[in-house]
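Hey, can you work out the whole structure from these sequences and the hints?
Number of protein chains: 2
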Amino acid sequence: MTNRFARYAIPLSTLAAITSLALLAASALPAHAAAPGTAAAAVNVFIGTGGDGHTFPGASRPFGMVQPGPDSQVRHFRQSYPWAAGYRHEDNSILGFSHTHFSGSGHSDLGDVLLMPYSGATKLEPGYPERPHSGYRSRFSHDEEKAEPGYYAVRLKDNEVDVELTASDRVAMHRYRFHKNAPAKVILDLRSSIYDYAGKNLWSRLRVRDATTLTGMRETRGWAPGRQLYFAVRFSRPMSARQLHNREEAIEYRGFTPPGKTPADKVVVEGKALMAALEFGVPTDGTLLVKVAISPVSEDNAMGNLDEMPGWDFEAERAAASAAWNEALSVAQVQAPEPMRTMFYTALYHSMLAPSLFMDRDGSYRGPDNAVHQAKGFRYHSTFSLWDTYRALHPLLTLLAPERRNADFVNSLIASREHSPHGILPVWQFHGQETWCMIGYHAVPVIADAYMKGIRGFDANKALTAMTASAEYGPYGGLEHYMKLGYVPIDREPEAASKTVEYAFDDWTIARMAEKMGKKDVAATYYKRAQNYRNVFDRETGFIRARKSSGEFRTPFDPAQSNFGSDYTEGSAWQYSWYMPHDNAGLISMLGGDAALAAKLDQVFDAKIDEKVYAHMEDISGLIGHYAHGNEPSHHVAYLYGFAGAPWRTQERLANIMATQYSNRPDGLSGNDDLGQMSAWFAFTALGFYPVAPGSNEYVIGRPFLDKAVLNLPSGKRFTVRAEQLSEANRYVGGVTLNGKPLARTFLRHDDITSGGELVFTMQASPNKDWGKERSARPYTQTNY
Amino acid sequence: MTNRFARYAIPLSTLAAITSLALLAASALPAHAAAPGTAAAAVNVFIGTGGDGHTFPGASRPFGMVQPGPDSQVRHFRQSYPWAAGYRHEDNSILGFSHTHFSGSGHSDLGDVLLMPYSGATKLEPGYPERPHSGYRSRFSHDEEKAEPGYYAVRLKDNEVDVELTASDRVAMHRYRFHKNAPAKVILDLRSSIYDYAGKNLWSRLRVRDATTLTGMRETRGWAPGRQLYFAVRFSRPMSARQLHNREEAIEYRGFTPPGKTPADKVVVEGKALMAALEFGVPTDGTLLVKVAISPVSEDNAMGNLDEMPGWDFEAERAAASAAWNEALSVAQVQAPEPMRTMFYTALYHSMLAPSLFMDRDGSYRGPDNAVHQAKGFRYHSTFSLWDTYRALHPLLTLLAPERRNADFVNSLIASREHSPHGILPVWQFHGQETWCMIGYHAVPVIADAYMKGIRGFDANKALTAMTASAEYGPYGGLEHYMKLGYVPIDREPEAASKTVEYAFDDWTIARMAEKMGKKDVAATYYKRAQNYRNVFDRETGFIRARKSSGEFRTPFDPAQSNFGSDYTEGSAWQYSWYMPHDNAGLISMLGGDAALAAKLDQVFDAKIDEKVYAHMEDISGLIGHYAHGNEPSHHVAYLYGFAGAPWRTQERLANIMATQYSNRPDGLSGNDDLGQMSAWFAFTALGFYPVAPGSNEYVIGRPFLDKAVLNLPSGKRFTVRAEQLSEANRYVGGVTLNGKPLARTFLRHDDITSGGELVFTMQASPNKDWGKERSARPYTQTNY
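Chains as they are written, first to last, in this note's numbering: chain A, 255 to 1039; chain B, 255 to 1039.
Warning: the hint list may mix true and false statements.
The list treats identical chains as interchangeable, and a pair is accepted whether it falls inside one copy or across any two copies.
[Stated by the list, open to error] Calculated lysine-lysine pairs in the DSSO-like style (CA-CA distance at most 27 Å, straight line):
(1) Lys716 with Lys774
(2) Lys515 with Lys802
(3) Lys630 with Lys707
(4) Lys962 with Lys1023
(5) Lys411 with Lys377
(6) Lys1027 with Lys515
(7) Lys738 with Lys515
Derived by calculation from the structure, the hints in this document are not laboratory data.
Quick look at the structure:
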């Protein structure tokens, strides 16, 4: 990818362009957005909806269960990657509005319960973007689209409806405004899906409950196979007519016919290709409201969840959603010139969409055994993109989100492990279902990091049992061999080098937590395992490489190789060889000293490489040399100079990364946001520090990008970060004080922040090469355990 | 079909032939069967397993939830009808042993959780009957097969295993005996199904819980679409090896790989074509026991149901099952020469397999909304073949089964109606799921008959509401038009003549119950509706015919026409024109008098018809002229002579029907047993009376076929029926006394029986044409309401 520096400096117009929405209906769309100046008002929801970001522009509460938004994808199996969120900013037509979305994922699913309002003739198929009016799909313009946290609005040109969306935790509310005297009609399409293909729908049901209410379910074989989602849809006006269809063509055995000879007579349909066309007459005020509740458990539970939003006051729901976001985002009060302030709050916003709630009002949820369970004393969350989010997203949330929310995450992980047929913690889980996507057992560092930072409200013993069970489950990812050999052998398991170093880090976090719990045996075992990264380090080449069972490194070796079947997971030796964040001292030692590490890092960033080298891997994006900011294995790398005594070089790299990899535009994320990890990296880096090794309780200081940030910590204390003389030119840290005293060390301890206080950077145009040069000033300069 | 008279007189050898089973294993199979002389010992479980009977030869408790038995069908979509019970006596190989079966149905489904033991090489596919050893299927011989109530045993020749089955309510127990020193192995095949076709399995899961336990589920699109069944399988020995397979070939998106690279590593598989090959080493005693629990709700509930059978004592379980049957069957103590005694007890046995329990130990079950509910104060039963069973099976059970059992049936129907998306009572329901098979709303007469006979333990108001809701649900079966026109119009709804007359009868039972409840308005409305049968009676031809909306009868008219698209349901005008059992006086009046009815009935029985006339309808079997004893519309017809004052002619017809339509052989039922209806007809007729109009509390007297029968009524009272001078020659009733007094009337009242007492027939060789000739002696000789 090309250098994006130019974008950073130019104030972009995306947000400005969408501040007004032309109005069709008699009563005008409310012009007021989130109150000006608030955190929510600063968010540009569209960042990442283009390019490789894959973010979700729809409406949701923080960590909300229902996440309604526009889908613009066409129905095609091969759209897994680019349309992972269902919507791409480049598209010019909308298929409809569904209720479940990932924000920033690299693989896809969801898009459940698609609704599409219209006034004209009923079309049962969506049609094609390139053929307007060929179906119920409608063109739209970004000029007539608007979104802010908890709210999304768009005018559907072809369908002649203004659509607005907002949401509570479990209930989406739609407001449709039709032309004066135009009939209100709605398509409900249970065929529609993100990552759609012919065999995805295993079964579905759609049922009329009364004149204003439908319920149903859908079971799909997608990223998560056998996923069941139940829903209830309630309209503000009674249906004046309806058609329930099963559009399956070839069914070998169709069974006997239920009552209802025509689509208009039916009160229930079952099958694999259900949809409904619903009519509501001509609303006197031109408006139809819809509430949609989802449930992992049952149609009746979805009905129960509907009660979460008893009224029909769209403005009140929108205001409540906005208030919820303002409260969540006000953990940081930030001063910075635009677009930095917008980009920061957007990053914070994107960090609070997942892991999302996935539990009914009565406490029931569906676990990885696909069975229904009852949460006792916690709220079950799912959508854990753990390979990504253990790095910075969860550390951001352990710092800024309420303890109860973090405890809910940990309790959800523990509960999932108890329900798991394999008896292990989630790997990549959503809607309670395991996908087995990516590598590692990275629920482990999430729990350990929370525990080390004093998050309580879960059973630490159960947690540790779950962690060791996951680390010792032989059939998973070559662990059987890893435990025997001290590394994952490439002749038995693919991507063996990546697995070995990531396992070693996860092991270290188990050791940290066990040590803190006083479980010395466990700690000793896992501190030993944490050194396993050494077993795949090739001193000859200076890279992490995969060994075979025999002990030999696999040949031939090309450090830029990253394809499937290589030694690495979505990466190359250039990207993976610096991944022992718990023991950078060990890395330095193996490389032969500080200078050797710094030189290697320079080689990473300054390499001139052919674009084709990584072009075959869609997840490896955001390249600076071999550094791929668009994917997670690189995320800590710029911070490593500090371990070699040269934090000023980190400062240089960060300025470049921030300028080239992020912008206030739809394509403003250089890679998948990955459920908030890319954004959490941005938030930490903007603040001036980064959690290189979750579980260490240390944050490596980079450099700040905000003039001032006040963190309103969950404890009620405040931690302020100020950057004096910050400017485009003053990109180096001259000196740092913590609570008025000079800070010699180049890292913060978690306690430094949670105690409250003030961190002041003095920025300057030239590097201060002395600060942090001393070994004692560096983070974990020894193997400090 | 040909005359079967010859069979009746010849003592058949089926039961005798199967009394011993050769033994392979070191410890012998127990030789003792059900204790000799007991009711259970008198049952020939194989009656109906050949021919058109479709009965189930496996092991079950009375109305048991799990009904394990042998499946001999090959996997083929088109085997719906002949292999409806999974097993046919004509087959010479067994596919395996599954856990859910219908007994006597005309359509098919079930066959869940197939197990097959073997010792030799593992074969993952079942193979073909005509190619022994081509798969896990095994040949067997009826000489090495044995069954009695609650027990089934067979030697698998090719697999070298002796298999025995028994069951508690929710748990099947298998005992496998292998050759000395032979390994014990078991196939578990979730692909296998009765009525199998490629798309039937929507989804399934198989999971290893521990070394002896597997759980799983299967969701199918069969007769009932979207049916979910969960199960738990526990072995008496730990698995020494296992392979879990998904044998699907083409999967567009297969997802990421769960842990377990090989079938032997996996602890869980999900997909559409699952099976497992399990090994258990070499048992020292040559024996492996297996317990299989099923649940409509969840795998965990199936595990909970396993606790119903905590031990591993096969003999004790078999004895308990036998005792349960003896208790259930001892409602009648019968004296009769063989094979009549065997045939009677077999009929009673076949009358107690359904409606079967379908509720977990914790009271939860799955209703027609496919959602989980909790039974409060009753036990949920399902498998209601109502079009068949309202006629004689339910009346037999209201007479002989405990009040609580009957209340459970009614409560299950009411609960199902409350869960129904349509708000109506079940039509043909199994495993809680509606199939919409056949016509009418015949849950209505089941409830009304129970209520009229004093069965309590359910909410009569709720019941009546459910009944009228079902009778007034416009979209069902042309009811919208029926309510407007007084008949179902053939231009709007197929089989309109049959529907009209059956609706009218059902309506009458609503009126009866409403009247008894003091709801005069409802009674008046439905007594009026009950006369609707008149609207389809064509006085010109003397037949029931379908009218069009315009009021004209549809032409051309052929009273022998019975194909799909005709005016009738599995029948012709010759069969359906006498169906107003609640108002035979009305029928006589329309036909023009007693003699006219008797003449019509003679025409029915004595017609010489070409075999081809009904050959296209597989359900129309057991022909005597136009009379088709193999299907239900004929079941009351022989009893109608009595309404015309000629009960002696009924007596003649019954002798012929009993002799030609039933025998003590596998093909000893001339039509589908229909979940006990054919058998209940036999039981009533053998006793000497029949419930022509359920809800009337009257039984029309036919003639007895037993020397003596003592009915041990649920109240504790006894009612004895004796037939003096009964012989093959003495087929006519000379006279009848009730409690010593001559009985002039040709019907019994329900109270006559439930009060206890003695009914004595004096049989003779020539008809007594005077008895019952008087109008006052006849059942409902007037429109008596």
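Here is how each hint holds up against the structure:
| no. | hint | verdict |
| --- | --- | --- |
| 1 | Lys716 with Lys774 | within (17 Å within a copy, 66 Å between copies) |
| 2 | Lys515 with Lys802 | between (65 Å within a copy, 18 Å between copies) |
| 3 | Lys630 with Lys707 | within (24 Å within a copy, 49 Å between copies) |
| 4 | Lys962 with Lys1023 | within (24 Å within a copy, 112 Å between copies) |
| 5 | Lys411 with Lys377 | within (16 Å within a copy, 61 Å between copies) |
| 6 | Lys1027 with Lys515 | neither (81 Å within a copy, 49 Å between copies) |
| 7 | Lys738 with Lys515 | between (65 Å within a copy, 18 Å between copies) |
In this structure, the one hint that does not hold is number 6.
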